[in-house]
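**Student:** If you want the building blocks of each chain, they are given just below.
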Amino acid sequence: MRPSRFLPALGILAVLVALWWVSAIGSMIFPTPLAVLKAIGELLRTGTLMQHVYASLFRVTIGYLGALALAIPLGSMMGWFPRWFRAINPAVQMLRPISPIAWIPLAILWFGVGDASPTFLIFLATFFPVVVATASGVHMVEQQYVRAARNFGVNGFTLYRRVIFPAALPNIITGMRVGLGVAWLVVVAAEMVAINSGLGYLIIDARNAGSRYDLVVAGMVIIGLIGFGLDGVMRKLEHLEEVRWRYGT
Amino acid sequence: MTNDGRPIDMARGMDESGLGMPGMTMASMSMPGMPAGSTKVAAATTGDNGVPQVAQFVRYSGWPELKEALMSGRLKVAMMLAPMVMDLADKGVPVRIVALGHRSGAVIMVRNDSKAKSFSDLKGKRIAIPSRFAVDHIFVRRLMKEHGLDDRDLTMVEIAPPDMPAALLAGAVDAYATGEPFGAKSEIAGYGRILYMTRDVWPTYICCVLTVREELIKSDPELVQNLVNHVMSSGQWLDSDPKHRLVAAKLASDRSIFNQAYELIKWVMERPADRVTYGDLRLIKSEFEEMMLLAMNAKIINHPIPYETYVDETFMRRYRPVKINVQ
Chain A
1 MRPSRFLPAL GILAVLVALW WVSAIGSMIF PTPLAVLKAI GELLRTGTLM
51 QHVYASLFRV TIGYLGALAL AIPLGSMMGW FPRWFRAINP AVQMLRPISP
101 IAWIPLAILW FGVGDASPTF LIFLATFFPV VVATASGVHM VEQQYVRAAR
151 NFGVNGFTLY RRVIFPAALP NIITGMRVGL GVAWLVVVAA EMVAINSGLG
201 YLIIDARNAG SRYDLVVAGM VIIGLIGFGL DGVMRKLEHL EEVRWRYGT
Chain B
1 MTNDGRPIDM ARGMDESGLG MPGMTMASMS MPGMPAGSTK VAAATTGDNG
51 VPQVAQFVRY SGWPELKEAL MSGRLKVAMM LAPMVMDLAD KGVPVRIVAL
101 GHRSGAVIMV RNDSKAKSFS DLKGKRIAIP SRFAVDHIFV RRLMKEHGLD
151 DRDLTMVEIA PPDMPAALLA GAVDAYATGE PFGAKSEIAG YGRILYMTRD
201 VWPTYICCVL TVREELIKSD PELVQNLVNH VMSSGQWLDS DPKHRLVAAK
251 LASDRSIFNQ AYELIKWVME RPADRVTYGD LRLIKSEFEE MMLLAMNAKI
301 INHPIPYETY VDETFMRRYR PVKINVQ
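So the protein sequences, as listed, match chains A and B.
Under the numbering used here, think of the first position of the first sequence as 1, with each following residue one higher.
Under the numbering used here, think of the first position of the second sequence as 1, with each following residue one higher.
Certain hints may be false.
[To be verified] Straight-line alpha carbon distances no greater than 27 Å define the calculated DSSO-like cross-link-like pairs of lysine-lysine that follow:
hint : chain 1 : residue 1 : chain 2 : residue 2
1    : B       : Lys-115   : A       : Lys-38
2    : B       : Lys-266   : B       : Lys-218
3    : A       : Lys-38    : B       : Lys-125
4    : B       : Lys-115   : B       : Lys-125
5    : B       : Lys-266   : B       : Lys-250
6    : B       : Lys-115   : B       : Lys-145
It should be emphasised that the hints constitute simulated quantities derived from the structure, not laboratory data.
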């Protein structure tokens with residue numbers, strides 16, 4: 001890559017870190033970038049960092065894939081059949097704005113205090129954006145494609161698999177990208193539910209401790225970096241040929 | 001001020017904080033930090049009976065929030081977990097303990113149908129604690145030691161106290177350790193029973209302590225003295241007559257204070273009357289040293305912290321009883 005492509009981003013990051021450093025000087029709570037680097041070093045040395053990262057990635061992966069497995073079929077049905085949409089959409093729109101934090105007591109009641117509760121919360125947070133994006137993607141599929149396919153005698157599931165799904169895929173991928181962002185966003189809230197690992201847990205535990213705000217911010221930095229990486233992967237998906245057709249390139 | 005504009009006087013507020021609901025989410029009462037000017041006003045403005053009036057009490061929904069407000073100096077006075085104050089003072093946060101908030105008041109709850117009769121019956125089970133840094137954790141550790149259980153024998157999971165009763169009911173945990181009233185909650189609801197109360201095994205148990213920032217001690221020692229006088233007198237008032245406990249329960253159940261059902265707080269106050277005690281809120285060095293060593297053992301703090309670092313006994317020594325006039 002040419003330097004001119006990533007230099008501006010690096011410059012902005014450098015400015016942010018400099019601002020951070022200046023505002024953290026003399027603060028009891030806000031640690032300096034150096035203190036945070038040291039905290040990350042400490043986590044790496046003790047091996048706990050990878051433990052937390054794996055635990056969070058595991059929960060996000062399961063919750064996210066579970067959400068996709070349900071949301072894409074349901075969203076497709078809602079997008080294709082207006083009656084499904086009218087029946088299900090109000091419930092979806094009502095459940096969608098509820099923060100995963102509000103679900104915590106119920107999650108504990110239903111799923112106990114192991115991995116299942118945070119995974120369920122991540123599932124909930126991811127499910128709705130993907131349903132909505134899929135439904136709108138399928139709904140907006142151009143009728144001429146469908147008519148053309150029907151003229152060739154393509155019907156039923158084959159029509160969905162060969163025409164509708166590919167046509168809606170750009171929207172679905174956008175929904176998946178938003179969903180993954182949300183899944184990673186709620187990891188801190190989701191890991192408030194009794195468990196002893198995860199980046200969210202790391203942050204909550206460090207806040208409970210007397211004065212370990214360096215670990216709190218270290219957790220934030222790690223979550224940010226991994227979120228950046230995950231988004232990069234999703235963007236790669238958007239460049240797949242199956243998806244790019246729509247952009248006419 | 002309360003919602004209807006009535007000033008809350010310090011003594012009364014502190015009776016209520018003296019209830020010392022030590023849950024993570026029922027943290028403590030605290031006096032909001034006021035700019036230096038208004039602190040003076042608060043000190044100067046005393047009620048009819050010389051009771052200092054403060055702007056308002058703030059209930060924080062979690063220990064970290066309370067701690068951060070205290071660390072940043074936005075809050076000058078707080079009811080805070082004792083080991084946390086030790087740690088903060090050790091790290092250079094200018095805070096001192098000037099009196100206790102209450103004694104006893106933690107419980108270990110199991111389901112009614114649990115076969116556990118003693119702590120050793122919890123071997124191999126799961127127990128909920130509010131957090132690794134909570135005093136309830138120390139209580140559990142102490143019982144583990146007494147009953148010969150080690151880390152492998154008990155799985156501790158961290159759950160916010162308000163969620164504990166549901167976790168017990170759902171079978172997600174076999175027991176939970178918490179400060180009241182979250183123990184009484186499952187007891188009143190009919191599915192939980194007490195396995196241990198601090199009153200039986202550790203009656204001098206210390207949890208929440210009255211913590212003051214040093215700049216307030218320096219700038220307004222009279223206010224701090226007045227506060228300590230009222231807190232300690234309120235404690236004696238509470239323990240001197242069962243009727244007083246009901247008055248306090250009524251006040252504390254208010255939406256602006258604990259926002260918990262009156263019946264729940266009444267239950268905690270009465271069953272039995274020494275479930276939580278307030279009569280002796282003096283600072284006793286040997287008790288704090290014991291607590292400090294237990295906190296070290298529980299890895300809440302990682303090195304010994306001298307008593308003098310985190311305690312200021314001045315106000316307790318100069319304590320003058322005041323009349324508590326609450327209806």
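**Student:** The structure should be examined with respect to each hint, and the outcome stated for every one.
**Tutor:** Tested hints:
1. B:Lys-115 <-> A:Lys-38: violated (48 Å)
2. B:Lys-266 <-> B:Lys-218: With a Cα-Cα distance of about 38 Å, the restraint between B:Lys-266 and B:Lys-218 is violated, given a limit of 27 Å.
3. A:Lys-38 <-> B:Lys-125: Judged against 27 Å, a Cα distance of about 37 Å means the pair is violated.
4. B:Lys-115 <-> B:Lys-125: holds (12 Å)
5. B:Lys-266 <-> B:Lys-250: With Cα atoms ~8 Å apart, B:Lys-266 and B:Lys-250 stay inside 27 Å; holds.
6. B:Lys-115 <-> B:Lys-145: Judged against 27 Å, a Cα distance of about 21 Å means the pair holds.
Of the numbered hints given earlier, the model fails hints 1, 2, 3; all others are met.
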